[in-house]
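Could you build the full structure based on these sequences and the hints that come with them?
Chains as they are written, first to last, in the numbering used here: chain A, 1 to 111; chain B, 1 to 113.
Quick caveat, the hints were computed from the structure, so don't treat them as lab data. Possibly wrong hints are sitting among the right ones.
[Stated by the list, open to error] Straight-line Cα separation of at most 25 Å, SDA-like style, residue types lysine to any residue; simulated pairs:
hint: 1; chain 1: A; residue 1: Lys42; chain 2: B; residue 2: Gly3
hint: 2; chain 1: A; residue 1: Lys37; chain 2: B; residue 2: Thr99
hint: 3; chain 1: B; residue 1: Lys57; chain 2: A; residue 2: Ser26
hint: 4; chain 1: A; residue 1: Lys71; chain 2: A; residue 2: Asp27
hint: 5; chain 1: B; residue 1: Lys11; chain 2: A; residue 2: Leu40
hint: 6; chain 1: A; residue 1: Lys42; chain 2: B; residue 2: Leu110
hint: 7; chain 1: B; residue 1: Lys71; chain 2: A; residue 2: Asn97
hint: 8; chain 1: A; residue 1: Lys22; chain 2: A; residue 2: Glu56
hint: 9; chain 1: A; residue 1: Lys42; chain 2: B; residue 2: Leu39
hint: 10; chain 1: A; residue 1: Lys37; chain 2: B; residue 2: Arg9
hint: 11; chain 1: A; residue 1: Lys37; chain 2: A; residue 2: Gly94
hint: 12; chain 1: A; residue 1: Lys42; chain 2: B; residue 2: Phe74
hint: 13; chain 1: A; residue 1: Lys37; chain 2: A; residue 2: Lys68
hint: 14; chain 1: A; residue 1: Lys42; chain 2: B; residue 2: Thr99
hint: 15; chain 1: A; residue 1: Lys42; chain 2: B; residue 2: Asp7
hint: 16; chain 1: A; residue 1: Lys42; chain 2: B; residue 2: Tyr103
hint: 17; chain 1: B; residue 1: Lys11; chain 2: B; residue 2: Ala88
hint: 18; chain 1: A; residue 1: Lys42; chain 2: B; residue 2: Asn30
hint: 19; chain 1: A; residue 1: Lys58; chain 2: A; residue 2: Ile48
hint: 20; chain 1: A; residue 1: Lys22; chain 2: B; residue 2: Glu44
hint: 21; chain 1: A; residue 1: Lys42; chain 2: B; residue 2: Glu78
hint: 22; chain 1: B; residue 1: Lys11; chain 2: B; residue 2: Asp86
hint: 23; chain 1: A; residue 1: Lys37; chain 2: B; residue 2: His29
hint: 24; chain 1: B; residue 1: Lys11; chain 2: A; residue 2: Val87
hint: 25; chain 1: A; residue 1: Lys42; chain 2: B; residue 2: Val19
hint: 26; chain 1: A; residue 1: Lys42; chain 2: B; residue 2: Arg109
[Unchecked claim] Partner residues aside, some chain A positions facing chain B, computed with beta carbon under 10 Å:
hint: 27; residue: Ser9
hint: 28; residue: Asn31
hint: 29; residue: Tyr32
hint: 30; residue: Tyr36
hint: 31; residue: Gly41
hint: 32; residue: Arg43
hint: 33; residue: Pro44
hint: 34; residue: Gln45
hint: 35; residue: Cys90
hint: 36; residue: Gly95
hint: 37; residue: Lys98
hint: 38; residue: Leu99
hint: 39; residue: Ile100
hint: 40; residue: Phe101
The beta-carbon is built from N, C-alpha and C at its ideal position, and this holds for glycine as well.
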Amino acid sequence: GENVEQHPSTLSVQEGDSAVIKCTYSDSASNYFPWYKQELGKRPQLIIDIRSNVGEKKDQRIAVTLNKTAKHFSLHITETQPEDSAVYFCALSGGYNKLIFGAGTRLAVHP
Amino acid sequence: DTGVSQDPRHKITKRGQNVTFRCDPISEHNRLYWYRQTLGQGPEFLTYFQNEAQLEKSRLLSDRFSAERPKGSFSTLEIQRTEQGDSAMYLCASSPSGTDTQYFGPGTRLTVL
Chain A
1 GENVEQHPST LSVQEGDSAV IKCTYSDSAS NYFPWYKQEL GKRPQLIIDI RSNVGEKKDQ
61 RIAVTLNKTA KHFSLHITET QPEDSAVYFC ALSGGYNKLI FGAGTRLAVH P
Chain B
1 DTGVSQDPRH KITKRGQNVT FRCDPISEHN RLYWYRQTLG QGPEFLTYFQ NEAQLEKSRL
61 LSDRFSAERP KGSFSTLEIQ RTEQGDSAMY LCASSPSGTD TQYFGPGTRL TVL
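Below, the structure written as structure tokens:
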């Protein structure tokens, strides 16, 4: 079945630095790639998504890039703040639009 | 709160007991998904409903698991004869037709002793 590999599993940055998380996948039929943020004990929250007909999307300090040929997509967070600390999950859509998630990246932003 | 709601938020049960969880999706969302999330992992797909029809079930959903969405609104997930390996967070998500975006509920954390 479809598989998503997410790297790194943990990421520690200083406040103000940038953070990049990358995911690779195998099924070329996927056409929807969301990113979710999950704080401890809370529900996953959609922060940005991208569809296969575009290569890049930006929303304030967050951007996502997609390379369908190489089958990878990345989350970029600029000017990180302590409140960005959380676990971030990449995902892609499978049949019936079910989401297939990566294993997550625990991001720690140190003041 | 007009988001996805789940009940109960926490459930502690003894091995061998049956448990049932409820999910209320966002109003008029015809698609409903159940996922399971274990510690340190991403959510894993369990099953999908479009209105009242259950259209897909994961191989993770053994015959001890059953889900329903009788009127195409709320959904229930029942686990019979619980095992310690069933301990996890059970997440529900809903989505309106015509979009890929899924909105998650707060989850039900199940602990099987």
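Taking the hints in turn, this is what the structure says about them:
no. : hint                 : in the structure
1   : A:Lys42 <-> B:Gly3   : 13 Å, holds
2   : A:Lys37 <-> B:Thr99  : 20 Å, holds
3   : B:Lys57 <-> A:Ser26  : 22 Å, holds
4   : A:Lys71 <-> A:Asp27  : 8 Å, holds
5   : B:Lys11 <-> A:Leu40  : 18 Å, holds
6   : A:Lys42 <-> B:Leu110 : 15 Å, holds
7   : B:Lys71 <-> A:Asn97  : 21 Å, holds
8   : A:Lys22 <-> A:Glu56  : 14 Å, holds
9   : A:Lys42 <-> B:Leu39  : 13 Å, holds
10  : A:Lys37 <-> B:Arg9   : 20 Å, holds
11  : A:Lys37 <-> A:Gly94  : 20 Å, holds
12  : A:Lys42 <-> B:Phe74  : 21 Å, holds
13  : A:Lys37 <-> A:Lys68  : 23 Å, holds
14  : A:Lys42 <-> B:Thr99  : 24 Å, holds
15  : A:Lys42 <-> B:Asp7   : 14 Å, holds
16  : A:Lys42 <-> B:Tyr103 : 13 Å, holds
17  : B:Lys11 <-> B:Ala88  : 10 Å, holds
18  : A:Lys42 <-> B:Asn30  : 24 Å, holds
19  : A:Lys58 <-> A:Ile48  : 8 Å, holds
20  : A:Lys22 <-> B:Glu44  : 19 Å, holds
21  : A:Lys42 <-> B:Glu78  : 22 Å, holds
22  : B:Lys11 <-> B:Asp86  : 12 Å, holds
23  : A:Lys37 <-> B:His29  : 22 Å, holds
24  : B:Lys11 <-> A:Val87  : 24 Å, holds
25  : A:Lys42 <-> B:Val19  : 22 Å, holds
26  : A:Lys42 <-> B:Arg109 : 11 Å, holds
27  : Ser9                 : 9 Å, holds
28  : Asn31                : 8 Å, holds
29  : Tyr32                : 4 Å, holds
30  : Tyr36                : 8 Å, holds
31  : Gly41                : 9 Å, holds
32  : Arg43                : 4 Å, holds
33  : Pro44                : 5 Å, holds
34  : Gln45                : 8 Å, holds
35  : Cys90                : 8 Å, holds
36  : Gly95                : 7 Å, holds
37  : Lys98                : 4 Å, holds
38  : Leu99                : 6 Å, holds
39  : Ile100               : 7 Å, holds
40  : Phe101               : 3 Å, holds
The structure shown violates none of the earlier numbered hints.
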